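Line by line, the protein sequences give chains X and C.
Letter 109 of the first sequence, counting from 1, is numbered 628 in this note's numbering, and no numbers are missing.
Letter 117 of the second sequence, counting from 1, is numbered 121 in this note's numbering, and no numbers are missing.
To be clear, the hints were calculated from the coordinates, so they are not data collected in a lab.
Computed from a predicted model, the values in this text were never measured in an experiment.
Accuracy of the hints is not assured; some may be wrong.
As the list claims (entries may be wrong) - Restraint-style ranges between C-beta atoms, simulated for each label pair: (1) Met54/C <-> Ser598/X: 27 to 37 Å; (2) Gly595/X <-> Ala108/C: 28 to 38 Å; (3) Lys124/C <-> Asp591/X: 47 to 57 Å.
What the hints assert, rightly or not - In silico BS3-like pairs for lysine-lysine, Cα to Cα no more than 27 Å straight-line: (4) Lys555/X <-> Lys624/X; (5) Lys661/X <-> Lys170/C; (6) Lys183/C <-> Lys661/X; (7) Lys170/C <-> Lys672/X; (8) Lys577/X <-> Lys553/X; (9) Lys94/C <-> Lys567/X; (10) Lys94/C <-> Lys661/X; (11) Lys170/C <-> Lys684/X; (12) Lys684/X <-> Lys115/C; (13) Lys672/X <-> Lys175/C; (14) Lys661/X <-> Lys185/C; (15) Lys684/X <-> Lys567/X; (16) Lys175/C <-> Lys567/X; (17) Lys661/X <-> Lys124/C; (18) Lys126/C <-> Lys185/C; (19) Lys71/C <-> Lys581/X; (20) Lys175/C <-> Lys661/X; (21) Lys684/X <-> Lys183/C; (22) Lys577/X <-> Lys170/C; (23) Lys672/X <-> Lys71/C; (24) Lys185/C <-> Lys577/X.
Ideal placement from N, C-alpha and C gives every residue a C-beta, glycine not left out.
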Amino acid sequence: MPKIKKKRLGFVIDMTPMVDVTFLLLTFFMFTAKFKTEAEAEQKFVIKRPYASADTSKLPDKDIAIIKVGIDTLTGDTSYYYTIVNELQRRQVYDNLNFTPEQRKPQLKVGLDMLDQLIMQTRITGPRTRFAIDGDRRIRYKWIEDAIDVLRKNNATAFNFVTEKRQ
Amino acid sequence: MAGGGGGLELPERQRRGKKHSKRKKKKRVGFRIDMTPMVDIVFLLLTFFMYTTTMVTPQVMEISVPKEVEENVEVNQANLFTLYVRGDGKLFFSMGTDEPQPLAMSDLRSKAVELNLLRKNKLITAFKPSPDAPYGVIVQVLDILNQAEAEIIRQLQAEGIKRERKFAFVKLSPEEVEKLKGL
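Same shape as in the complex, but just chain X (with noise of 0.2 Å):
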């Protein structure tokens, strides 16, 4: 006797599970995601960080000063770059320094003459602020000598490298 064939009919699979977690693991990441700062928005450059594997403390994100030496991606010029994190510190050193609106950026492209005076300007209004050197890897060591002998002359002789963990 032949069978009797069964009529295909469109099937549905029951999504719950799969949406249940897809929505944990988007809480999770929407949660856990830390967004850029006003200061890394504007810049044009990425930094390439050396690699260290024997540090173990984390860059502070609060009473920190953070000298870039960066690439610039689309034309290759190395620059300096200075951002005071904490903001009422930042006016009162651009109130110091006498400042124009225009040049009341988080993040400034300065010289080393400038830099000198932003960071003797930071020991005044912050003598607890710490200093952190954030490099480019392919650099040449010469922007981070002479950053280190800006930072000797107004007495910040401690102070950190940012570095990247070694994988």
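Fit chain C to the supplied structure of chain X, relying on the hints for placement.
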């Protein structure tokens, strides 16, 4: 497949109200919502957040340099371990007033440990990077020295000696630059 409002349809009400109605009451079955568009959007957002989040936060290497002083500090030349990094990133070392010799990056750690254990706490490490050397190499050397430091502390502690690290950044003199060029 949950019954959509099955509890509402009480038997008496059904009998009383809809008894004579000509329209046949459709029995309410569990309903389904098409979740496909929602899932599409959720996956889109999920991939966006997954790609944009960076899990690695930058770390810091602590550096301290001496204050600017004019007077020179007398150093016993015999205990001086000098590390040079040439403009092309090559590493050299010398003990005391010896001529600089090439040193492989992989041997630096064992060399630093060996010399420090030999001279106990007396060894002074002077680091002379060339201004033309890539910054990445400088940090690599510092990192290797930091790794060696952990081992030195452990070994000296076993001997009952408290470790005092003597390390300094020194600028290359023009004569040394010339000397390294020839190597």
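- Numbers of unmet hints, in rising order: 17, 18, 21, 24
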